[in-house]
Amino acid sequence: MKRLITLTCLAVLFAVTIAANADVEPALLASNIADRPTNLGRTGEMHFTLRNANGKQRVRAAVLQHADLADMTKLAIHFTAPAAIRDTGFLSHDADSGPDQSWLYLPATDRVRRVPASDRGDYFMGTDLTYGDLQDNFKFQLEDWVFTGGTEQQHKNELLLSLQGIATDAARRSLGYRSFTALIDPLTLFPVQLNYTDEDGEPLKRVQILKQEQIDGAWIATRFAVENLQTGHQTIIELRNVRTDSDMDLTRLEADALDLGAPDLG
Amino acid sequence: MRLTLGKFRAGWLLVRKAALAAIVWSLTSAAIAGLAPYSITTELGYDLGMETHSQDVSLSRLTLQPQAKWRLGKGWRGELSLRMEWADDDTGLGTTSNYSSISQPWVKARRARLELDKAKLSWRGGRNRITIGKQVAAWGVLDGIRITDRFDPVRRRDFIFTDTRPERIARWGLQTQTQLNDWRLDTAIALDPTVSQQANIGDRFALQAVRYTHGLSLEGTNGYLETDTRNRNVQDATVGFRLGRNLGTGRFSLMAFNGPTTDPVLALERTGTTPRVKLQYPKRSLIGISWDRTLGSMVLRAETAYIPDQPINVIVNSQLTQTRRGRWLGGLGVDWNAPLGIFINAQLGADHITSGQADLARPQTDVIATLRVQRHFRQAGWKLQCEWIGSLSDGDSVARPMVIRELNDSLTFTLGADLAFGARNGQFGQFHERSRGWARIKVSW
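Chains as they are written, first to last, in this note's numbering: chain C, 4 to 269; chain L, 117 to 561.
Wrong hints could be hidden among the right ones.
Stated by the list, open to error - Computed beta-carbon distance windows for the label pairs:
#	chain 1	residue 1	chain 2	residue 2	range
1	C	Gly220	L	Ser401	38 to 48 Å
2	L	Tyr162	C	Arg176	20 to 30 Å
3	L	Tyr154	C	Gln217	29 to 39 Å
4	C	Gln233	L	Cys502	45 to 55 Å
Unchecked claim - Among chain C residues calculated to face chain L with C-beta under 7 Å, some are:
#	residue
5	Arg39
6	Ala86
7	Pro119
8	Ala173
What the hints assert, rightly or not - Covered stretches of chain C, going by a simulated chain L footprint (3 or more residues, C-beta under 8 Å):
#	region
9	87-97
10	125-131
11	199-208
These are calculated hints, taken from the structure and not from any lab test. Built from N, CA and C at the ideal position, the CB exists for glycine as well.
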């Protein structure tokens, strides 16, 4: 909690500084985004709407559990719809240092199966989000990017900060991105709009944050759209009933509990 | 002694009926009390297949599987699922004599089946869990190659041509899971002597190779393959434990269990002047270890098991008889998220029977390899998959290419082929004339 308050104060201080000084050092801006306050434990419903270039639509719904621990981020996704994938569970343990681990529970097999940790550039369950996007939570890992920008820009009657990143050689391949340009909300430190290019530098994806909510002191993007500019496919993600849970039952984020299915959100 | 045993059986029957009644009562009363299931899923599938050799329609099967799940208070959950099948084909729905009296399908006509697939109540408190009811115990880390994964009986009416492999059959029993510091202990008891289901005589995947039939004619059984009566619930129970712990980015497990063998032995019985062939499933023990580990974009898996008392058929003076031998099983596997979004699963397994005086009816050592390659396309709306399973010792194999199209959120269409190659007496080659192309449509809601 102390960490959350400190980080929130820093974010407010940062916003005040921006208001006074206009442009900021890109590295400082990136660092503040990376340190953006998050809740230690978070549970909610996740709704995906997948739409192809012809307008054909598919939907996915899942219950998401997320815990930011000292040395690891744990993420469990329990699908609740459509019926064909209901009760399918996915769990990842992303270690800050060391290899990541993932597990999948398919109800038909009655078994929790260790699966290879996905590359950050692999796409998640037919959506336009990569595993890296899911892990990243709209922060830019400082070791992955060389940052430029930091200038003020007017966007729909709002003063936002621009930030650009060029992926390091090591990160380019695993992320599947060569660069990004983003417009950052100085108050929430969330990118309002984000464009990625692919490894060849061609425009690849546009991300738009459509709704942000402050939940227990931390800003969360609760509705956002990801569009693949090369295929025309779009994914709209909406988080509902999000609640923070500092006393989260962490045993639910272990492989042995994945077959239990989605936790009761009450 | 007979009286005592009789009383014990009667008592056990009463306990068993009471347990069944308690589960059904709990789930039904929960439903009546207005506690709606939090999840109701129904899957309807139709499979149509044509043999490439004869061009006959060899598969025409409709399957309906409704399932409901309840949250029944703090830590309690319930699950009930049914399996309804109708088949108008020569592949058939498999034997029913393999089922114990308590697990017999409610409807078991040659072309139609209705059975309780699962019915279980579970309670979880912290890291401890207890589950009672009709359930499976899916142990082991390899896929389809059964090294330590021999607790559950399986369906073999489609040979190995199934989506989920093995296709487990749930049994009545009790399972517990307990976390003891870094160790996890699983215990399981199946008080239900149901054994693996086979294809009936004359059905498309009735075993034909001499290694399985031992040269015996299985005709004259009215098309039904007989299994020894399965009503000794306690004597033929399966009991076991698994103890595991995490080691770095891997997990190591040690397990042991005792119960009816998953590989039947044949017995000749003379009723009057007519000899009859029966499948028997004597009990045996298994001790095994399994290990899996994440290594970047790969997962490595390994298992080994020893069965000291595997029941097996041998030929003595040109007569088929049974004996027990040691049996070693071992397997290695790797999953790899290869570049370009391709997923590869490769496995190698060996099955060795120790030497003895009499000749074995099966080869002393079998070596099996499997390879599966798959890739999703167009936002996972399409999936291409090809699977190859082969015997490196016999030189025969099967290949299963398929394309899966997700037409919308509830409708999936699959087109595929089950192709067998090799000699008539090989474990895969025996079905080389049964190769088929097939289509499947599945609706879920």
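Practice item. Identify every previously stated hint that the structure contradicts and give their numbers, smallest first. Key: 1, 2, 4, 5, 8 and 11
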